[in-house]
Structures are given as structure tokens and as C-alpha cells.
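J.: Start from the sequences, fold in the hints, and give me the full structure.
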Amino acid sequence: MPAVLAAVRSAERALKELQLAWNTAEGRRGRIADQRKSVLEQKSELEEQKELIRQEQWKLKKESAALQHARDEAERLAQELGGLMDERDQVRKQLRGVLQRVKAVSAELRR
Numbered sequence: 001m002p003a004v005l006a007a008v009r010s011a012e013r014a015l016k017e018l019q020l021a022w023n024t025a026e027g028r029r030g031r032i033a034d035q036r037k038s039v040l041e042q043k044s045e046l047e048e049q050k051e052l053i054r055q056e057q058w059k060l061k062k063e064s065a066a067l068q069h070a071r072d073e074a075e076r077l078a079q080e081l082g083g084l085m086d087e088r089d090q091v092r093k094q095l096r097g098v099l100q101r102v103k104a105v106s107a108e109l110r111r
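If you read the sequence shown in the working numbering, its first letter stands for residue 1, the second for the next number, and so on.
Simulated from the structure, these hints should not be mistaken for laboratory data.
Note that this is a predicted model, so its numbers are computed, not measured.
Note that CB positions come from ideal geometry on N, CA and C, so glycine has one too.
Treat each hint with caution, since some may be false.
[Said to hold, decoys possible] What follows is a set of in silico ranges between Cβ atoms, one per label pair, in the way DEER data are often shown: (1) LYS43 x ALA65: 30 to 38 Å; (2) GLU48 x GLY82: 49 to 57 Å; (3) ARG54 x ALA78: 34 to 42 Å; (4) ARG54 x LEU84: 41 to 49 Å; (5) LEU67 x GLN42: 30 to 38 Å; (6) ALA70 x LYS37: 46 to 54 Å; (7) MET85 x ARG54: 41 to 49 Å; (8) ALA65 x LYS37: 39 to 47 Å; (9) GLU80 x LYS43: 49 to 57 Å; (10) VAL8 x GLU47: 56 to 64 Å; (11) LYS61 x LEU95: 49 to 57 Å; (12) LEU99 x SER64: 49 to 57 Å.
[Claimed, not checked] In the DSS-like style, the derived pairs of lysine-lysine whose C-alpha atoms are separated by at most 30 Å in a straight line are: (13) LYS50 x LYS61; (14) LYS37 x LYS50; (15) LYS103 x LYS93; (16) LYS62 x LYS50; (17) LYS62 x LYS43.
T.: In C-alpha cells form, the structure reads like this:
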């Protein structure tokens, strides 16, 4: 009888260990499933952020191109303005010369 009792106890211990192992495995599977779900959610969020970043990058490229165009236009206008200012200075010098000659002729005519 003691041998049977020992065998029953041994079987009960083995059953408890098996149940513990089963529960541990099920717990791991559950944690793995939860982690997988969490990873998939994070992946989805990252893909959304990636798309938003792509859209923002596209907007920035368009703005950069517009600013580059504006800068080029501003440089062209600055050069044109510089040329016009030089031309104005030349006209001013010529007009001063004409004015001096007119004054000289006027002074001669008064005599």
C-alpha cells in the first residue's frame, strides 16, 4: 500500500508540474500575443508618422523651391536696380554738365 500511495503522490506531483508548465506556456503565449499586438500597433503608428513626415518633407521641398525662386528673382532685381542706379548717376552727371554749359552760355548772352 505505501508503494501505491507513493506512486499516487508522485503522479499528483507530476500532474501539478505539468499543469504549472502548461499554465506557464499559456501565460507566455498570452504575453507573446499581447506583445505582438503592441508591436503591430506601434508599427501602424510609426507608418502613420512616416507618412506625415513624407507629407511634411514634400511641403518643405515645395517651400524651398519657392524660396529659391524668390531669392533668384530678388538677386535679379537687385542687379537690375544696381544697373538703373548707375544709369541714374550717369544721367545726373550728364545733366550737371548740360546745366553748367547752359549757365555758361546764359552768362555769355547776358554780356
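J.: Hints first: check each against the structure and report whether it holds.
T.: Checked hints:
1. For the hinted restraint 30 to 38 Å between LYS43 and ALA65, the CB-CB distance of approximately 33 Å keeps it satisfied.
2. The hinted range of 49 to 57 Å is satisfied by GLU48 and GLY82, whose Cβ atoms lie roughly 51 Å apart.
3. One distance hint, 34 to 42 Å for the beta-carbon pair ARG54 and ALA78, holds here, with the actual separation near 36 Å.
4. For ARG54 and LEU84, the hinted distance range of 41 to 49 Å is satisfied, since their beta carbons lie about 45 Å from each other.
5. Range check, LEU67 to GLN42: Cβ separation about 36 Å, and the 30 to 38 Å hint holds.
6. At roughly 49 Å, the beta carbons of ALA70 and LYS37 sit within the given window of 46 to 54 Å.
7. About 46 Å separates the C-beta atoms of MET85 and ARG54, a value consistent with the hinted range of 41 to 49 Å.
8. Taking 39 to 47 Å as the suggested C-beta distance range, the pair ALA65 and LYS37 conforms, at roughly 42 Å.
9. For the pair GLU80 and LYS43, the beta carbons lie near 55 Å from each other, so the given range of 49 to 57 Å is met.
10. A hinted range of 56 to 64 Å holds for the C-beta pair VAL8 and GLU47, which are about 57 Å apart.
11. For LYS61 and LEU95, the Cβ-Cβ distance of about 50 Å falls inside the hinted range of 49 to 57 Å, so the restraint holds.
12. In this structure the hint that LEU99 and SER64 lie 49 to 57 Å apart at CB holds, the actual value being about 51 Å.
13. Only pairs whose Cα atoms come within 30 Å are accepted, and LYS50 paired with LYS61 is accepted, the gap being roughly 16 Å.
14. As the CA atoms of LYS37 and LYS50 are separated by approximately 20 Å, the hinted pair is consistent with the 30 Å bound.
15. Of the pairs offered as hints, the one joining LYS103 and LYS93 holds, with about 15 Å between alpha carbons and a cut-off of 30 Å not exceeded.
16. Proposed proximity of LYS62 and LYS50 is supported: the alpha carbons are some 18 Å apart, at most 30 Å.
17. At most 30 Å may separate the alpha-carbon atoms for a hinted pair to count; LYS62 and LYS43 meet this at roughly 28 Å.
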